[in-house]
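Protein chains: 2
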Amino acid sequence: MVTNSSWLYRGISEIFPDQPDADSPTENLVKRIEQANHPLRVKLGIDPTGTDIHLGHSTLFRKLRAFQDAGHTAVLIIGDFTAQIGDPTGKSEVRQQLTPQQVAANAETYLKQVRPILDCETPGRLEVRHNSEWLAKLDLSNIRELLATMTVGQMLAKEGFAERYKQGTPIYLHEFLYPLMQGYDSVAVESDVELGGTDQKFNLAVGRDLQRHFGQTPQFGLLMPILLGTDGVQKMSKSLNNYIGLSEDALSMYSKLEKIPDTLIEQYFELLTNRSLDHLPDNPRDRQKLLALDVASQYHGKENALNAQAAAIALVQGAGSQSDAVPEFSLSSVQFPSKIFYLVSATGLCKSSSEARRQIQGGAVKLDGQKVEQADLTFTSSEALRGKVLQLGKNKFVRFVE
Amino acid sequence: MVTNSSWLYRGISEIFPDQPDADSPTENLVKRIEQANHPLRVKLGIDPTGTDIHLGHSTLFRKLRAFQDAGHTAVLIIGDFTAQIGDPTGKSEVRQQLTPQQVAANAETYLKQVRPILDCETPGRLEVRHNSEWLAKLDLSNIRELLATMTVGQMLAKEGFAERYKQGTPIYLHEFLYPLMQGYDSVAVESDVELGGTDQKFNLAVGRDLQRHFGQTPQFGLLMPILLGTDGVQKMSKSLNNYIGLSEDALSMYSKLEKIPDTLIEQYFELLTNRSLDHLPDNPRDRQKLLALDVASQYHGKENALNAQAAAIALVQGAGSQSDAVPEFSLSSVQFPSKIFYLVSATGLCKSSSEARRQIQGGAVKLDGQKVEQADLTFTSSEALRGKVLQLGKNKFVRFVE
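Protein chains in written order, with the working numbering: chain Y, 1 to 402; chain C, 1001 to 1402.
Warning: the hint list may mix true and false statements.
So the derived label-pair ranges between C-beta atoms look like this [what the hints assert, rightly or not]:
(1) Y/Pro17 <-> C/Asp1052: 44 to 50 Å
(2) Y/Gly153 <-> C/Glu1303: 57 to 63 Å
(3) Y/Ala157 <-> C/Val1233: 47 to 53 Å
(4) Y/Ala162 <-> C/Gln1216: 42 to 48 Å
Read the hints as simulated data drawn from the structure, not as lab findings.
Owing to the predicted nature of the structure, the values given are computational and were not obtained by experimental measurement.
Each residue gets a CB set at the ideal place from its N, CA and C atoms; glycine is no exception.
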């Protein structure tokens, strides 16, 4: 097949090997795609070492989805085994070892969050594998064989290791296993392409070496840039508190995205949406709103995203610059099923249940920007309320939290 | 028990940890021996990577025997698994990998040569183990655990690695496995003492670290000096041709030992015999002969050693300084069973069988220094002749070789 490969190049940092003029399907990914008579196997490895998946991680899954949409097979590898070893990439310290139970729980949470991005329905488009399937079977002879493919010098040249070695920070020997295990995953699933952040280039290259060692055609590496956080300065990360989590409620996601600095807007559109960059609104404020609505829709559906937008507008109009300071109300004190008039009173927006009923009947109460019509509206669990904002009149707000 | 520990200290290079004044059985080996209420487990690991066992190797086995004689258990570990990885110690290049078949064959030859040194009879004094028993069972998690006990810096500080790394000679990652596997052997057999050459100190120390990691009392390391070769200058080694092999015939062994330089005599007596160094003969020539007779007796029995001595004397008297140049006669051309008169003729010492018979009857033929009494003395195979010297009169010699 002949491909329109604009989807392939959108937002990427690098494809390697990259010989755009080469006709060889081992040196030119577009040729490999065109000449393949079967769907390519596109590997993405995730290490369930944490549960805080954010938009920074989503760029890889979005690229994986693009491959799925072009007819290829996404091979999602849950690094349940490697997570127990820990990826030393970019870490200045050796990582804590996780228990198998922690890893399993993290993997489940992780998958739940990224499934909305992927095509999980079309047959043959998604393969979810756990690398314990093959790594747990390796014995000392196999591991010896893997280790023998690399020298200490090559390993210490790896970013992160090099700095630590120079600084005298201890590098424990088991850390050398990580790139090899990760690379062996490519052999095990026979991947044609592997996706990763730019900080993963070494690991992806090890995968190529090991595939060659085991007689396979080496995969292509496709590197995505590291997404900057909401501060516009540093890599998006939970610890820097400049992140937007995939599990955040619609209003929170919307509110953060509509404040993204103008310097980041283009990259965010490119990496986080499918919109053409040629037809973005001229007005910076309109660009922010469009981005926020688009991304929130992807994770919460269009209706919830529109409600979040309405609530955000109400918040801004009501609380002015105080919108960040919406008081929170914990749902843990509420007994379900619970009616809305009770909640309006329990949160303290009204002094009594009867006042709450009156305000609802007078049309002064909104939930995430939508007017509440019936005082007896019943919620059977906290699920439907979590993260939503309850509003009385123009400037009294409470946000439900777990 | 209170020990006379002179046997323990005889000829050693180092015991570590070594706190002669310490009362603790973890810091003072003599205390450990005295306070133990069971035989100590004394480990010696051998890597069946070659078959040329020589007197340089024997010093470790002799020390092991001394432990046996003091009531302890020799735990001889055949490194059938580690041999496949290869010990990088003191090697400037990465080692060739051996097949399991080569390793098994080497191990058999090796054991056959060292058995005469050990007490293989007394119950409980010898345990022969193969490290594939435990190493082949290790999986990636176990290996990760072992690797995590050491840093790259610690490993690169090891003699051999340090030099190679500095010189830019590639060090392959699997070479790091060797010291850990060897150390894990100590855990597997729960050794109390490990014997090794001075070049093994690092590996023995890794054994201590791993025992500590796995909750065992760390072993003591007992290091033996490296034996110099017959040249008196370099380490005894086959490749330098300054060695005396354990499988050499009595005459060859005797002849080499009686020429040992005077500078080496004391160390040879100390490391290769049980004789008191206080009562050695004054005359250097007598010292050499005593050493040669003692050592040859250990491997060939006293009678064969005395015969070898007689043959050596005859050789020297007959051939003067030519004793190295005894012509060889290959037994491969002889059909067995074969009679001695035929052999005297076949070697060319006599011109005909009838002359050979006459010379034998006249008492002019000796085999390894012993007069041949009967012309019809029959040999059923080459076994009994190999390495022996056939002598006619005072100055005609032929040595049988395979």
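Hints versus structure:
One distance hint, 44 to 50 Å for the beta-carbon pair proline 17 of chain Y and aspartate 1052 of chain C, holds here, with the actual separation near 48 Å. At roughly 59 Å, the beta carbons of glycine 153 of chain Y and glutamate 1303 of chain C sit within the given window of 57 to 63 Å. For alanine 157 of chain Y paired with valine 1233 of chain C, a C-beta distance near 41 Å fails the hint of 47 to 53 Å. A C-beta distance of roughly 36 Å is found between alanine 162 of chain Y and glutamine 1216 of chain C, which places it outside the suggested range of 42 to 48 Å.
In summary, the structure is inconsistent with hints 3, 4 from the numbered list given earlier, while agreeing with the others.
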